[in-house]
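Chemist: As they're listed, the protein sequences go chains F and Z. At position 41 of the first sequence the residue is numbered 43 (the numbering used here), and the sequence of numbers has no breaks. At position 94 of the second sequence the residue is numbered 111 (the numbering used here), and the sequence of numbers has no breaks.
Don't read these hints as lab results, they were simulated from the structure. The reader is advised that the hints may include incorrect statements.
Unchecked claim - The calculated lysine-lysine pairs, modelled on DSS-like cross-linking and capped at a C-alpha distance of 30 Å, are:
id : chain 1 : residue 1 : chain 2 : residue 2
1  : F       : K71       : Z       : K74
2  : Z       : K74       : Z       : K31
3  : Z       : K28       : Z       : K74
4  : Z       : K31       : F       : K51
5  : F       : K115      : F       : K63
6  : F       : K51       : F       : K63
As the list claims (entries may be wrong) - So these bits of chain Z aren't anywhere near chain F, every CB distance computed over 12 Å:
id : residue
7  : R39
8  : R48
9  : L63
10 : D80
11 : R81
12 : V132
What the hints assert, rightly or not - Just a sample of chain Z residues kept apart from chain F, beta carbon distances all over 12 Å, derived:
id : residue
13 : S44
14 : G102
15 : D103
16 : G125
Heads up, the beta-carbon is just placed ideally off N, CA and C, and yes, glycines get one too.
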Amino acid sequence: AQSVSQHNHHVILSEAASLELGCNYSYGGTVNLFWYVQYPGQHLQLLLKYFSGDPLVKGIKGFEAEFIKSKFSFNLRKPSVQWSDTAEYFCAVNALNQGGKLIFGQGTELSVKP
Amino acid sequence: DTGVSQNPRHKITKRGQNVTFRCDPISEHNRLYWYRQTLGQGPEFLTYFQNEAQLEKSRLLSDRFSAERPKGSFSTLEIQRTEQGDSAMYLCASSSDRLVITTEAFFGQGTRLTVV
Numbered sequence: 003a004q005s006v007s008q009h010n011h012h013v014i015l016s017e018a019a020s021l022e023l024g025c026n027y028s029y030g031g032t033v034n035l036f037w038y039v040q041y042p043g044q045h046l047q048l049l050l051k052y053f054s055g056d057p058l059v060k061g062i063k064g065f066e067a068e069f070i071k072s073k074f075s076f077n078l079r080k081p082s083v084q085w086s087d088t089a090e091y092f093c094a095v096n097a098l099n100q101g102g103k104l105i106f107g108q109g110t111e112l113s114v115k116p
Numbered sequence: 018d019t020g021v022s023q024n025p026r027h028k029i030t031k032r033g034q035n036v037t038f039r040c041d042p043i044s045e046h047n048r049l050y051w052y053r054q055t056l057g058q059g060p061e062f063l064t065y066f067q068n069e070a071q072l073e074k075s076r077l078l079s080d081r082f083s084a085e086r087p088k089g090s091f092s093t094l095e096i097q098r099t100e101q102g103d104s105a106m107y108l109c110a111s112s113s114d115r116l117v118i119t120t121e122a123f124f125g126q127g128t129r130l131t132v133v
């Protein structure tokens, strides 16, 4: 069965610090990969996605992620976080033969101190 | 607002009662998904529809759960004889595969169910 693992449950950073959130998945076939963000009191929103092509993808608000197929990883990065990045971040995987169904990691709560 | 709409936003019910939630997807999206999210966890897949056909149901979806999508538009998720363990946020999402590239899923704000 597919699974997604996010390495950190809660990350606390000061503003301007760099961010890297780990995500590993288990599935041997072709996948689409996503990072979603959930700001307090809001719905899940897409940060970025990888379908094919350049493994380094850029998303909204200065976020980027790198797909490393050999490591089954899709880590999220941001060079300099802001207080407004405080949110919960979810990595998700969709196997191409699974009709768009997403398998989510357990989420990482990011707290940015002003 | 042209996003995914879910109603109600909150529902408190007594154990043993039936509840029904509604989801209105983005109008041009032919795929609709239901997920459940509990505190501290990521969303867990429950079921999905392509147009009006229910194509997959998770093992999480017990016999007390039923979902419909008549005419391939809005969807309802009904839980019969609710149990305290059903307390969770129920999320609906929609996407499209009508074009060459499947779009990502867009999520609604969810219905928070509390069973007392």
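Chemist: Now tell me if each hint is right for this structure.
Modeler: For each hint, the structure was consulted:
Between K71/F and K74/Z the CA atoms are separated by roughly 29 Å; this keeps the pair inside 30 Å, and the hint holds. Under the criterion of a C-alpha separation no larger than 30 Å, the hint pairing K74/Z with K31/Z is consistent with the structure, at around 26 Å. Taking the CA atoms of K28/Z and K74/Z, the gap is near 23 Å; set against the 30 Å cutoff, the hint holds. About 40 Å separates the Cα atoms of K31/Z and K51/F, which puts this hinted pair outside 30 Å; it is violated.
Distance restraint check for K115/F and K63/F: the Cα-Cα separation of roughly 18 Å lies within the 30 Å cut-off, and the hinted pair is therefore satisfied. In summary, the hint linking K51/F to K63/F is supported, as the alpha carbons are separated by about 14 Å, within the 30 Å threshold. Distance check for R39/Z against chain F: the nearest CB is about 16 Å away, which clears 12 Å, and the non-interface claim stands. Distance to chain F contradicts R48/Z as a non-interface residue, since its nearest Cβ pair spans about 5 Å, not more than 12 Å.
A beta-carbon of chain F comes within 12 Å of the beta-carbon of L63/Z; the shortest separation is about 10 Å. For D80/Z, the condition that its CB be more than 12 Å from all CB atoms of chain F holds, with the nearest at approximately 21 Å. Its beta-carbon lying about 21 Å from the closest one in chain F, R81/Z satisfies the requirement of being farther than 12 Å from that chain. No beta-carbon of chain F is positioned within 12 Å of the beta-carbon of V132/Z; the least distance is around 22 Å.
Listed as outside the interface, S44/Z is consistent with that label: its C-beta sits roughly 17 Å from the nearest C-beta of chain F, beyond the 12 Å cut-off. With a closest Cβ-Cβ approach of about 18 Å to chain F, G102/Z is found to remain outside the 12 Å limit, as its non-interface label requires. The Cβ of D103/Z lies farther than 12 Å from every Cβ of chain F, with a closest approach of about 19 Å, so its non-interface assignment holds. Distance check on G125/Z: its Cβ comes as close as 6 Å (rounded) to a Cβ of chain F, failing to clear the 12 Å threshold; non-interface status is violated.
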